[in-house]
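**Student:** Work the whole structure out from these sequences, hints included.
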Amino acid sequence: MDKLPLHIVRRPELDRVFGLLRDNAYTLIGPTRRDGVIQYSEIRSLADLPIGYSDRQAPGSYELVKSETPRCFGFVHGADSWKRFLFPPKRRVFGASRQAGPKTPFDIDDLRSPPPAYAFVGVRACEIAAIGILDKVIGSELLDPFYRQARDKMFVLAVNCIEPGGTCFCVSMNTGPRVTRSFDLCLTELGEEFGVEVGSERGAALFKQLTSRPATAAEKELFRLLLERASERMGRHLETEGLPELLRKSIESPRWQTIASRCLACGNCTMVCPTCFCYNVVDSTDLKCRKAERWRYWDSCFTLEFSYLGATSVRYEISSRYRQWMTHKLAWWHDQFGTSGCVGCGRCITWCPVGIDITAEAAGFRETAPPRAVPLTPQQQAMPS
Amino acid sequence: MNIPGPLSQKPRLAVYKFSSCDGCQLQILELEDELLELAGEIEIAYFLEARRQALPGPYDIGLVEGSISTPAEERLIRQARKDCKVLVSIGACATAGGIQALRNWADIDAYKKRIYPRPEWIATLDVASPIAGYVYIDFELRGCPVNKRQLVEVLSALLAQRRPHLPTYSLCIECKRAGIPCVMVARKTPCLGPITQAGCGALCPKFNRGCYGCFGPAETPNIAALGRFFQEERNVSRPAMVRMLRSFNGYLEPFKTSSDDYEQCIQP
Chain A
1 MDKLPLHIVR
11 RPELDRVFGL
21 LRDNAYTLIG
31 PTRRDGVIQY
41 SEIRSLADLP
51 IGYSDRQAPG
61 SYELVKSETP
71 RCFGFVHGAD
81 SWKRFLFPPK
91 RRVFGASRQA
101 GPKTPFDIDD
111 LRSPPPAYAF
121 VGVRACEIAA
131 IGILDKVIGS
141 ELLDPFYRQA
151 RDKMFVLAVN
161 CIEPGGTCFC
171 VSMNTGPRVT
181 RSFDLCLTEL
191 GEEFGVEVGS
201 ERGAALFKQL
211 TSRPATAAEK
221 ELFRLLLERA
231 SERMGRHLET
241 EGLPELLRKS
251 IESPRWQTIA
261 SRCLACGNCT
271 MVCPTCFCYN
281 VVDSTDLKCR
291 KAERWRYWDS
301 CFTLEFSYLG
311 ATSVRYEISS
321 RYRQWMTHKL
331 AWWHDQFGTS
341 GCVGCGRCIT
351 WCPVGIDITA
361 EAAGFRETAP
371 PRAVPLTPQQ
381 QAMPS
Chain B
1001 MNIPGPLSQK
1011 PRLAVYKFSS
1021 CDGCQLQILE
1031 LEDELLELAG
1041 EIEIAYFLEA
1051 RRQALPGPYD
1061 IGLVEGSIST
1071 PAEERLIRQA
1081 RKDCKVLVSI
1091 GACATAGGIQ
1101 ALRNWADIDA
1111 YKKRIYPRPE
1121 WIATLDVASP
1131 IAGYVYIDFE
1141 LRGCPVNKRQ
1151 LVEVLSALLA
1161 QRRPHLPTYS
1171 LCIECKRAGI
1181 PCVMVARKTP
1191 CLGPITQAGC
1201 GALCPKFNRG
1211 CYGCFGPAET
1221 PNIAALGRFF
1231 QEERNVSRPA
1241 MVRMLRSFNG
1251 YLEPFKTSSD
1261 DYEQCIQP
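Protein chains in written order, with this note's numbering: chain A, 1 to 385; chain B, 1001 to 1268.
Just so you know, nobody snuck in bad clues.
Derived BS3-like pairs (lysine-lysine); straight-line CA-CA distance at most 30 Å:
| id | chain 1 | residue 1 | chain 2 | residue 2 |
| --- | --- | --- | --- | --- |
| 1 | B | Lys-1010 | A | Lys-291 |
| 2 | B | Lys-1017 | B | Lys-1256 |
| 3 | A | Lys-208 | A | Lys-3 |
| 4 | A | Lys-288 | B | Lys-1010 |
| 5 | B | Lys-1148 | A | Lys-291 |
| 6 | A | Lys-288 | B | Lys-1017 |
| 7 | B | Lys-1148 | B | Lys-1256 |
| 8 | A | Lys-103 | B | Lys-1085 |
These are calculated hints, taken from the structure and not from any lab test.
**Tutor:** In structure tokens:
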């Protein structure tokens, strides 16, 4: 543990970090307190952070409370994730306009408006894992140039979680609570001071300009203890051993109907999920038919239009939509992208209006799963896996 | 929506009003940025809220506001259907019966006697109904009132002869895209958003209030699940459930039958 490259900076140094990032033309986005929840929005200084607040999260319940310790990052996260900035909920893809009527030439504009250089403040380990998953899904320049550019430019000022939330289960998904990769600087709140780890050359260049000292052995021990304790205090647990196989076997389970008797198919879980990436592309024209625009919107597998094929939606029953979401997230994602689609952040549990808990539902299937998978149809067998 | 055949060179618009508050017609007049453009593209032939001059039909596009509540309205809507190539009902009154359809659960003769000195002079139908209860409607635009952007989308689509793109999914999707914190989760406020169709821009949640369901039921609303949650977790009573469902779109299925179910359980 003594080899841990941990440095200590005093809290006001964080304002210097923000200033230096701004000097380098970064747009700072961090946690703020708005409408009684933590929301990620533009910040300028330490004073913009929700200092002294912590969150109480449970299925279908979120509460921001004044805490006794005035920590800068004494909460987990709200409904927002960094997906909102890297992969915006509404984005104009391009527009076209023409001066005269039909069959006249038209101009296309704004094919590639570049994203700003974001500095994300307070990124948690689960969120870094989520960005890693989005990289695999939409990260290629061909798939989403906006995402790729925003992703390459972004500066990650991460924060280690020392107080997990009531719906957190990053330990189960092996994504946290400690930040171990893909960050520039990582902070850990050790009392009134911050432990700082450097994760990149960009981070090192910035760190050099701060006043710091090496951590003492006692501080390193405290760091270790805090993270160990955080790992032990996860609000939820998801048993991942054999989970894809379990869900595969449970495709025809009557439990899907049981879940559907509670599921509103409102789509909140997919909107707040930091890895749900589905989108719809919508074209519109103006009254004169001179201007057209193409917009991309976050979509959800819980809408009927999502699975509308030819004449009807192929997932009309809510049970089939919940099953699609959960099995994709926890099972098919492995086949498709080589990783689970879940990072254990717990947002879908907290922000489900009726508090459906994906960890409890997955555990339920363990009790009722048939011993063998439903046999594949000849068509399925013929498909490459 | 059936895409109509080619409209006239300069399509003619008629705007009809039946039993309603005129709020949806005002949404047309409030299209401040688009109104001149609209007037350039179409001939506003019949729109009594906007101009006294009423040109005779036939019309290419008819927008219909209000519910059918009187025998005279019934005659007029049948004529309107004959006069218009495309008929679009706009707003909760026209698509669901509106707030006045609450009388459908009451004794209309008792109302007449109580309110009017000469009730026999009042000619009214037994129920206030949505337009589609009387004539074929090409498209329905929900909302109390309708959303201006959606109105422009429908008119633009008609003029371009393409399908309008309007969501039928839950308000939650629109609400979360806009980054509004869920009022049910963060404030424990009962909200009809999960069973209500998107389109208003999540106006009420934006101001920390629960959705009132102005845009009517979403595509597959799980009313039973939301109702059970409200009753068990939020202390919403059965009569309160009936009132929540029976507002602007109470006479529209499946809000109508669900509200009846909640009501019948209180008075078995």
